[in-house]
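Chemist: Protein chains in written order, with my numbering: chain A, 1 to 198; chain B, 1001 to 1337.
In case anyone wonders, no lab produced these hints; they're calculated from the structure.
Mixed in with the good hints, there may be bad ones.
Heads up, incomplete: computed chain B residues facing chain A, CB under 8 angstroms, no partners named [what the hints assert, rightly or not]:
hint : residue
1    : G1058
2    : T1059
3    : S1065
4    : V1097
5    : G1151
6    : D1257
7    : T1263
8    : T1287
9    : D1312
Think of the CB as a built atom: it goes at the ideal place given N, C-alpha and C, for glycine as much as any other residue.
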Amino acid sequence: MARMKFLCDADRCIECNACVTACKNENEVPWGINRRRVVTLNDGRPGERSVSMACMHCTDAPCMAVCPTRAIYNTADAVVLHSKDICIGCGYCFYACPFGAPQYPKVGNFGSRGKMDKCTFCAGGPELDGSKEEYEKYGANRLAEGKLPMCAEMCSTKSLLAGDGEIIAQIYKERVVKRGYGSGAWGWKTAYHETIAS
Amino acid sequence: MRSLLKPCRLAFAAFALVALALVATPAPAQQPNSVNPTADAVKEDQLLQQLHIIGGRGTIPDVKSYNIEQPAGRDWRHYQEVVLPWVGAIAILGMLVVLVAFYLIRGMVRLESGRSGRTIVRFNAFERFVHWMTATCFIILGISGLNITFGKRLLLPLMSPQAFTDWSQWAKYAHDFLSFPFTIGVVLIFLMWIAGNLPARGDLTWLEEGGGIVGRRHASAGRFNAGQKAIYWIVVLGGGAMAATGYLMMFPFYVTDIAGMQTVTMIHGTVAVLFVAVMIAHIYIGTIGMEGAFEAMGTGTVDVNWAKEHHDRWAEQELAKGRSAAPPAGAAATPAE
């Protein structure tokens, strides 16, 4: 089985936000929720870099560990998914998540934040693959159709890579060798306890 | 066609001239052969060491999303999954073990001089109402709160995931909404009993003598003894801390950021399990730990002998004011019209 990962090559990201739009469109993400976002570091200063960030589908995911109702689970492809039927909207996953991935449809309102929503690696949820219920709750299940996440597929500069960890790490390594530089695989150390030499 | 060719030729000539000029001019500062565009690029490791949270500028209204990395989430997870369950289990189970052992050794603290049959008002109806409102809220808040930490370990294996979620969802609503009467109760407790709970002379002697429950002889005390004063301040300060951190959690990110929210939840959890442990001891002393103690919060009146044994100075004051009531039952207690 493949071990699915995201990799954002910050030296290629041009902050076009196509990944954000692609994700919203593909998954019919509810209003006010961004499963993926682009953040610019050192904006306007030399060495500025933009990174597209969403759920990284961590190894030994902290959100999964802290969930009080065990709503979050791992698939065979190591994608971190959750059940909106089991979620009670307590918000603990957001405190534990190193990447700020979990989102809630309501901000506060006496703690009833609604069911958590986050990037599914375009792999839907616990419902039957490709079913209407799955699409309504979690969005598209492209993985079940043999396709990769829409954000990475739409990336105009192929900065955002999604797929089997070993393959995307290899692609990134080759890029670094060929062009002679690379600012590293953002979040990999935190998410997967590994780095790609650059 | 001819008219189009002319400007083209002109443009080409101009271009050639510029190209020639460029080649001919010696470059004033030779560019390095290999450009390293990442020489001053931001580096993840460096940022993490400097900032602990990596954040930048985003384009959506949600400012929380401008942080892309906060590895502190892993420390928070360690607290939630390792530290808090252990602290909670040791505090609560430890307290239960101590109390069972204490009960087996010491047993119920009896009224030494027996009952006099005469009673004296200890807590009026309003005081009892506030106590029981706060107590009821505390028990529900305690159980629903412990469910967040221990539910998945103890209850989830016993029921279906959906049933556990339904219970936890209602427990969470109860936790959120009962916090309001609980907070009001803590404020009222603070106001109505502050007079008797300020540190006073005699508290140290009381503690040295081990109070009425540990020590063998009855230590002298006013309306509240040093042990009760400790409970009072634990309720006021602990309850205040629970309320303050709780409302910050109920309205997340209004006041503080992710690091602040993590600290707030950690304070809430730690104070909560210690609070529960202390309140178990409070319940013990108020029920099976001491004869005649429950009546104070139950009916609101205590036996005069109980008052003399446990709160001698208070009893003297009250009796001097003539507040003792006639024997409640049996004896001819009808007051003269």
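Chemist: Decide, hint by hint, whether the structure agrees.
Modeler: Against the structure, the hints come out as follows:
no. : hint  : in the structure
1   : G1058 : holds (5 angstroms)
2   : T1059 : holds (7 angstroms)
3   : S1065 : holds (5 angstroms)
4   : V1097 : violated (26 angstroms)
5   : G1151 : holds (6 angstroms)
6   : D1257 : violated (11 angstroms)
7   : T1263 : violated (10 angstroms)
8   : T1287 : violated (31 angstroms)
9   : D1312 : violated (47 angstroms)
In summary, the numbered hints that this structure violates are 4, 6, 7, 8 and 9.
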